Amino acid sequence: MKSYILQTATNYLLPLLLLFSVFILLRGHYLPGGGFVGGLIAATAFVLHMFAHGVNETRKLLRIHPGFLMPTGLSLAILSGLAPKIISGLPFLTGIWFSEPIPVLGLIGSALFFDMGVYLVVVGVSLTILFTISEGG
Amino acid sequence: MLIAILSGFIFAVLPVFTGPLLKGKLSVLSALLPVGLFAYFCSFIPDIAAGGTVYESFAWVPSMGVDLNFHLDGLALIFALMISGIGSLVFIYTSNYLKGDPYIDRFYAYLSMFMAAMLGLVLSDNLVAIFVFWELTSITSYFLIGYKNEDRESRRAAMIALAVTGIGGMFLFAGVLLMGAVAETYSFQEILSSGVVFQEHALYPIILFFVFGGAFTKSAQFPFHFWLPGAMRAPTPVSTYLHSATMVKAGIYILLRFTPALGNHAYWSDTLLLVGGITMVYTAYQALFRTDLKSVLAYSTIAALGILTFLIGLGTEAAILAALVFILVHALYKATLFLVAGIIDHQTGTRDITKLRGLGKLMIPVAVASALAALSNSGIPPTFGFIGKELIYESTMEMDSLSILLTVAAIVTNVFLIYAGFVAGIRPFLGKLPPALGKVQMPSPLLWVPALILGMGCLFFGLFPGFIESTLAQPALASLGFGSFNFHLKLWHGFNTVFILSLVTMGVGLLLYFSLKPSHKLEALIARLEPISPKSLSTLGGKGFRKFSLSWTRLFQSGFLRYYVIIIMGFLVVVTGYNTLTETKLVIPDNAFDDITIYEVITLVIMVVSIGFAVFSSSRLAAVAALGVLGYAICLVFVFYSAPDLAMTQFSIDTLTVILFVLVLYRLPKYLKLSDMRSRIRDIILALIFGALITTLALEVLSEPKYRETSEYYAENAYMLAKGKNVVNVILVDFRGIDTMVEITVLVIAAIGVFGLLKLRLKKSEVN
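Chains A and B are the protein sequences, given in the same order.
Following the working numbering, the numbering of the first sequence begins with 1 at its first residue and continues without gaps.
Following the working numbering, the numbering of the second sequence begins with 1 at its first residue and continues without gaps.
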């Protein structure tokens with residue numbers, strides 16, 4: 001069942017939603033939001049695309065298998081935990097920050113990278129499960 | 001010393017990089033490692049002989065008192081030399097024995113890891129480190145025994161060995177933990193110097209129970225002896241190395257090592273005497289019935305281990321000296337005999353001693369090595385074995401009580417051992433060569449030279465026991481707290497009672513050898529007793545345990561989501577229900593309904609309606625949609641009570657859940673009445689109870705005085721420590737970062753599980 005209205009709408013909504021999910025991710029440290037919610041929103045965006053265009057189109061759009069996002073995210077989270085250990089010899093997962101705030105983003109620290117890892121894992125997990133189920137195995 | 005011990009582990013990684021280099025002719029170069037280690041440990045002999053010890057310390061887990069402390073004293077030196085010395089010969093021997101084997105590099109890796117673990121075990125001073133190395137020997141030996149992994153029996157034997165020694169390892173762990181708790185340190189040297197008297201502590205019997213559990217399983221004492229004959233499935237170099245010289249002696253080592261701390265008590269000596277005594281007589285007797293060359297050797301090995309346990313049980317200085325000397329005696333002759341058995345197997349393709357005759361003409365050096373070892377095994381002068389046996393008799397004779405019984409037990413064992421030694425070491429080389437073996441070739445020098453070196457050792461140390469006396473025996477005794485003991489190892493002690501006993505033993509043993517021919521009939525005879533042997537009984541027990549755990553697992557892991565939910569809810573109700581009902585006051589706060597807004601009432605109504613709809617709807621899709629409405633209503637509640645983070649997350653989760661449900665439902669049949677009336681009533685009851693429980697808990701939380709410490713801490717420190725203003729997020733990514741890390745890992749595992757389940761395409765042959 002094709003719905004042109006939905007397809008056209010999705011084409012505009014997808015980038016907007018993704019942008020929004022990143023926005024939610026970045027502001028998480030100061031305002032409601034964070035990697036988990038951000039990831040869910042991003043996943044929802046792709047699911048919307050999937051409904052409008054079908055799984056195969058969404059897969060093409062993604063280019064990589066969503067499964068790859070899971071180890072990437074996990075590694076990022078672990079690396080952000082190891083970074084303080086390597087850089088300044090602090091215990092695993094101690095928060096460290098750049099001394100100067102970066103324009104637009106604000107003060108960035110290892111916590112942000114950790115949250116980005118969470119974001120990627122959540123996107124990967126949701127999409128892997130949803131894609132797999134919608135393909136019906 | 002750390003590098004020396006770890007070198008085996010480092011070496012084990014080497015084949016990954018060198019690839020096929022180590023497989024071909026160069027494989028003999030692997031022996032450089034143990035030879036180097038042997039030379040390294042030899043360099044300590046002068047120091048140790050002079051009464052010194054070497055102590056090196058490396059922090060490992062200092063916060064828990066676990067350190068890599070290595071302590072080289074006389075006892076450790078004996079074992080280290082045995083491990084690296086016999087290891088060198090075994091490495092050389094293997095290069096030819098497994099020539100052309102596609103996995104020989106892997107074999108060397110296992111072997112060197114085993115060697116490293118064994119060295120770590122005997123050199124460690126820290127009790128926990130001892131346990132770690134002890135387990136490493138069990139694990140590496142599993143790979144070595146099961147090396148021929150296409151062979152079902154071989155895998156089984158490896159599994160049994162791992163199960164028995166693995167359980168034993170747990171016992172030892174419990175034992176050393178208790179010892180550490182009593183002494184408040186895990187360093188054995190500190191335990192000794194702190195003057196803790198274990199024998200008077202209430203935990204002493206329990207400590208003994210666990211330590212014995214470890215030592216007896218490892219050293220194959222009755223009734224755990226059965227894994228050792230089974231382990232003979234392994235390639236012969238493994239049997240030589242693990243089951244004659246090193247691993248099985250680990251239990252003996254532990255007993256010796258702990259003698260100064262735990263010994264000298266009736267529980268200690270009586271248990272060891274009894275277990276050792278039964279083991280040595282029973283298994284030496286068993287050896288009479290075997291026709292497989294390695295089987296004979298396996299049973300005589302267990303008997304020898306029994307003798308050692310027995311001697312440690314006697315516990316006198318003479319007995320400990322006898323044990324130390326006998327460890328060396330046994331390692332030398334039993335390794336030789338195993339190497340010879342391997343050569344015979346390798347050259348003729350059979351180990352059946354009823355078929356093996358007259359090989360002496362074909363392989364003289366092997367015959368010489370074998371004969372020397374067999375003589376030493378039988379304690380016939382002038383071999384090293386004679387000295388060992390004399391010491392054993394001396395130590396049993398000097399006991400005040402039961403000396404006759406103990407001596408008789410030792411003599412009986414030795415008589416059987418003489419038979420075993422002759423059958424395995426001499427008989428195959430005498431007599432007429434059967435025509436079937438006519439084409440047997442002389443083995444490669446790589447095979448017979450190691451055997452001959454060890455065989456010559458049996459003779460050399462017999463003729464010149466002085467080499468052992470001051471270098472190894474005296475320091476080892478001193479390290480066990482028998483410093484003042486004065487002795488001399490001599491071949492000739494004069495014509496005394498001990499010598500007469502030796503003569504009697506030899507006479508009866510030879511008589512037995514000449515009157516009893518190994519035959520399959522005898523073996524069949526003893527096989528009748530197999531159903532009541534410890535091996536069969538424990539296998540039966542193992543099967544029973546498997547069945548039990550299977551049905552237990554089936555009970556909880558039914559595979560039906562509904563039962564999982566029932567079990568989880570039921571469990572929570574049972575665990576917390578009683579307490580909640582009796583302890584809570586169920587007070588609804590007075591001002592609870594004061595400031596209810598119209599929005600809240602509407603949301604509540606929506607919730608109730610959607611629940612009712614979900615329960616009574618006859619369409620799945622409608623039920624799912626109703627659940628979605630419920631979820632959004634909960635979001636609204638979160639918004640009312642200013643928890644925007646929760647609301648956002650709940651909102652996205654609910655959206656995705658409904659999508660997921662719809663996708664799944666799409667693939668299910670239209671509508672089926674899944675549950676009957678009875679299960680519905682059961683579910684209703686459970687749901688009501690569970691709901692009531694949660695409601696009670698929620699009310700209880702409200703009426704309890706509020707503990708705000710935790711939340712205040714987070715609120716205060718979120719910005720100070722983590723530079724974040726959103727406390728929820730700061731908790732997730734910083735304060736409880738490790739939790740989050742584990743949670744996302746679990747998510748990934750779940751996704752992989754879903755992917756695997758749905759994408760799995762079983763071949764027809766794999767279905768059931």
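For the record, the hints were derived by calculation from the structure and aren't laboratory data.
If you're wondering where the values come from, they're calculated on a predicted model, not measured in any experiment.
Every residue, glycine too, gets a C-beta built ideally from N, C-alpha and C.
One or more of the hints may lead you astray.
[Stated by the list, open to error] Covered by chain B, per the in silico footprint, the following chain A stretches (three or more residues, Cβ under 8 Å):
id, segment
1, 2 to 11
2, 20 to 31
3, 36 to 43
4, 52 to 65
5, 124 to 134
Verification of the supplied hints:
no. : hint       : result
1   : 2 to 11    : violated (count 0)
2   : 20 to 31   : holds (count 5)
3   : 36 to 43   : holds (count 5)
4   : 52 to 65   : violated (count 0)
5   : 124 to 134 : holds (count 9)
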